[in-house]
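Residue numbers (full-length UniProt numbering), protein chains in the order written: chain D, 1 to 479; chain H, 1 to 139.
Think of the hints as simulated: they come from the structure by calculation, not from any bench.
Nothing here was measured: the structure is a model prediction, and the numbers come from that model.
Think of the CB as a built atom: it goes at the ideal place given N, C-alpha and C, for glycine as much as any other residue.
A hint or two may mislead.
To be verified - Which residues of chain D face chain H? A few of them, derived with a C-beta cut under 10 Å, are: (1) Ser44; (2) Asn218; (3) Ser221; (4) Val378; (5) Ala423; (6) Ala427; (7) Phe433; (8) Val434.
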Amino acid sequence: MDVPATEPVGDKGAKPKTARNIQYISWVALALMTTSSVASLRPSPTMAVYGLASIFLYIVPAIVFLLPTALVSAELASGWEGGVYKWVSEGINKPAGFLAVWCQFAMTIFYYPSLLGFVASTLAYVINPDLASSGVWTAIVIMVCYWSGVWVSSRGTSGVAGLASGGLIIGTLIPGALLVILGIAFLGQGNESAAPMTADNLIPAWAGLSSLVLIVNNFLSYSGMEMNAVHVGSLKQPGKEFPKAMFLAMGLVLLIFILPALAISWIVPAEQLSLTAGVMQAFDAVFAAFDSQWLTPILGVMLVAASLGGMLTWLAGPSRGLLLISKQEGYLPPFLQKLNKHGVQQNILVTQGLVTTLIALAYAFIPDVSSAYWIFSVITTQVYLIMYLLMFVAAVRLRRSHPDHPRGYRAPMLTGLCGVGFAASLAALLIGFVPPSQFGSGSVGVYLAVVAGGALGLGLLVPFLFYKLRKPSWKEASA
Amino acid sequence: MMQDSKVLAWISGGVLVLMAGIGLFTYRGVKQSVEAEAKADQLVAELTAAGLRVPTTEQIVHVLGDDGGAVCLDPGDALRRGILYGQLTNGAGGPGQRPVIAGNNVVKGQLIIMKVYCPDHLEEFQEVVDDLKLAEVDA
């Protein structure tokens, strides 16, 4: 996977202090990294509740959000190295580019705590369920997993690509295939499907606003398809290979989301998918139907591997994009721009790690934090959607302003794709203002104020402050 | 660098195999007792009375045993509440995970399971559920 090279990714105009090795990755590895950062079996039991309608709940967002995001980012990445910051910088302007990459980075802050909570509870389920109530256990798992991830990420892209790909194969593709095989075997044995599988059940029952919230929020299931474009310079032939990686990732993501959810819905009745016991109970129930529950602890460890692989890709991606534009434009203080000997933005990762660890521990230890946590997670996904709006605008502008710029791939009907993607992102942004289950009986006004204020503060005020406070001496300060 | 990646892969693989080994070693399964059978029958009756779909008695015994298994482990605990809230979300597997307005049915089954297997936890969990805003999404 590694061959010698000379220049840091996306840093063509910059002169690095010393020549170092670029770690090349194959397009298949990049496709697996992309799939690993977007898809997993974690939501399968959640979506199994909807039975056959889960197909609808994944296909509609795939048409209006996944397809535009994947094709547009494939065109942009095949023409401009450096990821979303480069695209938006060139297509709109540099401050907008910084805003876009900041939004992508900020969105990840609230991703890790729920992921690490899942890892802690899954490992407890595997080793000793009583551990799930142990604060010490939870804290140790969160700290060890997160900081191991930071350490691995600080070793460079090829290590991340290898582990993310391995995590996807071991923790998602193999168990996903096993679930589907068991589901088919269950039906093949003459058992009746636990969820009705007639044409009437293809569309989810319409329950007004709550149905709309579910459908539109599912657009976000595919968020992150563009994130690994920051590693496009790690491909030997970016123009040709990145689009191929995106198409493979698109297919895998769809299969991983839809088929295992369907298989679970065949075997376990929706109402028996206990929620506090977590997803492991659903898998346990599937294995129970085949007298093979000894597989449950193995599957648990595999799911943990997939989760940690996904975490690695998110640690390595957005923070790298943030670093690249900050070095060029001086948007971040020199301390945060510092690279380690592998050329990795170690100080950004460590600073992010301190914030994440605090949130994760509060999430796992303080009962009242849980509902607040999910409201703040809405804020970060709202912020992320700002990035998509900017990306679609930038893509249209780049096609018009740079029609002859060499691109390895040209998305068909780009303006139409961007229009659909922009409308879908805007719809998801607006639907974020509808209070979810976790908000309970609180005041709608308070919810709106918290989400709007949080999104404006995190998405606009913070990057504005970085922009205003930047100093010319911060440009390439540590390059 | 290639060497580094291989070492990382070997260490990670080793840790996974070790964890899976511990999991297999400590795996005890659930007790298949007369009590577990009786509880499963009771659950089947309760689910049927509530008009919900019912798994086989054998499947219930295997998963819930005689004590409800993980369902009855401190459901009001912070992490368990976090897991509950984390399941009332969209179908995302990455950072796009976002809360939704869940259907009533998603907690109906669990409340019945707790009523049969761990009634002492029922009130505490009911309070958590009462604080949720639910809708008839999946009726």
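Hints versus structure:
1. Ser44: For serine 44 (chain D), the interface hint holds, since the closest Cβ of chain H sits about 9 Å away, which is under 10 Å.
2. Asn218: holds, 5 Å
3. Ser221: With a minimum Cβ separation of about 4 Å from chain H (threshold 10 Å), the hint on serine 221 (chain D) holds.
4. Val378: holds, 6 Å
5. Ala423: violated, 18 Å
6. Ala427: violated, 13 Å
7. Phe433: Phenylalanine 433 (chain D) check fails; min Cβ-Cβ to chain H is 12 Å, beyond 10 Å.
8. Val434: holds, 7 Å
This entry does not satisfy hints 5, 6 and 7, going by the numbered hints stated previously.
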